[in-house]
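Read off the chains here:
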Amino acid sequence: MTGFYTRWAIMVGGIILLTIMTYHQYQRDLSTISLATVLNSPTTSETVRIQGMVKSETLSGAVEQGQATFELMDGSTTVPVEYAGPPLENIRELKRMVLIGHLDPATKTFKANDTALINNFGFVAAAYLITVLSLGWAIFAMSQRVMVLFKEIKEEKLYEPENEPLANNE
Amino acid sequence: MLNRFIRYIQRYKGWFGGAAAICIFLGLFTGLLASPPDYYQGELVRIMYVHVPLAHTSTLAYSVLFFGSIWYLWKRDPLVDNMCQASAGICALFTALALITGSIWAKPTWNTWWTWDPRLVSFSVLLLILGGYLMLRKLVDDQERGGRYAAILAIVGGIDLPIIKFSVEWWRTLHQPMSFSTRGVAISDDILVPLTLMSLGAWLLFAYMVMVRTQILYLADLLQAKKGRLLSQTHFSQTSP
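Sequences listed follow chains E and P, in order. For the first sequence, the tail end lands on 182 under our numbering, and the numbers increase by one without skipping. For the second sequence, the tail end lands on 240 under our numbering, and the numbers increase by one without skipping.
The shape of chain E in the complex, shown without the other chains (with noise of 0.2 Å):
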């Protein structure tokens, strides 16, 4: 019995441990951040990604050549962005996109290299917490199961006669 939950607590601390490290990953490496906290941050130089949307008819440039000039707006907060980097696929007005750059000080403008998919994070841990619950919870079950019944038959605690109704009427 004391095995049966240790192995599922190294399990759960495995599934755990992966979740942690994943979780952290994608902070550090793919997370966005919000128009209002570049502007505010105080650390200017580090490259980081933003998301936001392409406020109409501020589009220009020579957008298949990588070069172009727009604003980026989120909310109530807009950030002029400078992009040269590598051609830009299907970009427009009022389209949603992540940038990664960084935020020039002086001019106050976004100085972008990249562009990239917006996160759908949701989805993806949806995908894998209905998987893994699902299948842990009935493997979970079954064990279980098996482990009573067994305990049912060694124990031969099959039938307890008891004083029934039936042979006392009789």
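These are calculated hints, taken from the structure and not from any lab test. Note that CB positions come from ideal geometry on N, CA and C, so glycine has one too. Some hints here could point you the wrong way.
Some but not every residue of chain P turned toward chain E, in silico, with C-beta under 8 Å [claimed, not checked]: (1) R3; (2) I5; (3) G41; (4) K106; (5) N110; (6) T111.
Straight-line C-alpha distance at most 27 Å; calculated DSSO-like pairs for lysine-lysine [to be verified]: (7) E:K107 with E:K120; (8) E:K163 with P:K106; (9) P:K225 with E:K163; (10) P:K106 with E:K107; (11) E:K166 with P:K12; (12) E:K166 with P:K225.
If you want the ones that stay clear, here's a sample from chain E, every Cβ over 10 Å from chain P, calculated [as the list claims (entries may be wrong)]: (13) V66; (14) Q77; (15) G97; (16) I103; (17) K120; (18) R157; (19) E164.
Dock chain P against the given chain E, drawing on the hints supplied.
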């Protein structure tokens, strides 16, 4: 007292469970942390590492059910019947999870939770067949008769397996075509490693779960038979003069 096969299961099932746990843990590690994001889908591609193994394993589980049902109708071995019933329940779980994870993946990529795509429909039909199979087992009182009817349903339902497999080639669908075919493997190595590990882990996990579930069904039958025998013995000794 116990059937030899059940004793073997009790002895060796742990190896399958352990191997499945190692493969799945390595698969999760490489799939979530080491493999790169997809160029078009980004991080969403990681859903593939659970969705595809679940879908593959559910078709494998149905194949076990299909051939087990033929074997049962031929030999009438109650242990094979237990194994078929175990496969059906686990296959239903894997199929439902494959549909749910597929739906979660479809929302951000196809912009819909569900579409009447041939692959999705044929896979849902599989779940309905399994639901029918499990209901037959529950509703028919005579266990032997219920097993026979369910086996016939499982064999007839086997027609759905080739439809699932080739639906992406026979019809114009949203679902991506087969990645493994005679034309070769259409997946890069970075994605193939976690996918292989997770698929192997899911197959081993299915084997482990079938063993445990078969044990449960066999032991429950054994216990019920013993209870019945003891009950009749005790009743007989108390009522006889």
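Here is what the structure says about each hint:
1. The interface hint given for R3 of chain P is broken, as the beta carbon of that residue sits about 16 Å from the closest beta carbon of chain E, more than 8 Å.
2. The beta carbon of I5 of chain P comes no nearer than 10 Å to any beta carbon in chain E, farther than 8 Å, and the hint placing it at the interface is violated.
3. Restraint check, G41 of chain P versus chain E: the minimum CB separation of about 3 Å is within 8 Å; hint holds.
4. Annotation: interface hint on K106 of chain P holds; nearest CB of chain E at approximately 7 Å, less than 8 Å.
5. The interface hint given for N110 of chain P is broken, as the beta carbon of that residue sits about 12 Å from the closest beta carbon of chain E, more than 8 Å.
6. Residue-level restraint check for T111 of chain P is violated (minimum Cβ-Cβ distance to chain E is 13 Å; threshold 8 Å).
7. A threshold of 27 Å between alpha carbons decides the hint, and for K107 of chain E with K120 of chain E the separation of about 22 Å falls inside it, so the pair holds.
8. Taking the CA atoms of K163 of chain E and K106 of chain P, the gap is near 47 Å; set against the 27 Å cutoff, the hint is violated.
9. A distance of roughly 14 Å separates the Cα atoms of K225 of chain P and K163 of chain E; the hinted pair therefore holds under the 27 Å criterion.
10. Only pairs whose Cα atoms come within 27 Å are accepted, and K106 of chain P paired with K107 of chain E is accepted, the gap being roughly 19 Å.
11. Between K166 of chain E and K12 of chain P, the direct Cα distance comes to roughly 20 Å. Compliance with the 27 Å bound is thereby established for this hinted pair.
12. For the suggested pair K166 of chain E and K225 of chain P, the alpha carbons sit about 12 Å apart, so the restraint of at most 27 Å is met.
13. With a least CB separation of 19 Å from chain P, V66 of chain E remains clear of the 10 Å interface cut-off, as annotated.
14. Q77 of chain E, annotated as away from the interface, keeps every beta carbon of chain P farther than 10 Å; the closest lies near 20 Å.
15. For G97 of chain E, the shortest C-beta to C-beta distance to chain P comes to about 16 Å, beyond the 10 Å cut-off, and the non-interface label holds.
16. Listed as a non-interface residue, I103 of chain E keeps its Cβ farther than 10 Å from every Cβ of chain P; the least gap is roughly 16 Å.
17. The Cβ of K120 of chain E sits about 29 Å from the closest Cβ of chain P, beyond the 10 Å cut-off, so the non-interface label holds.
18. With a cut of 10 Å on Cβ distances, R157 of chain E falls inside the contact zone with chain P, its closest approach being about 5 Å.
19. Non-interface call for E164 of chain E relative to chain P: violated, since the shortest CB-CB distance, roughly 6 Å, does not exceed 10 Å.
When held up to the earlier numbered hints, the structure conflicts with 1, 2, 5, 6, 8, 18, 19 and fits the remainder.
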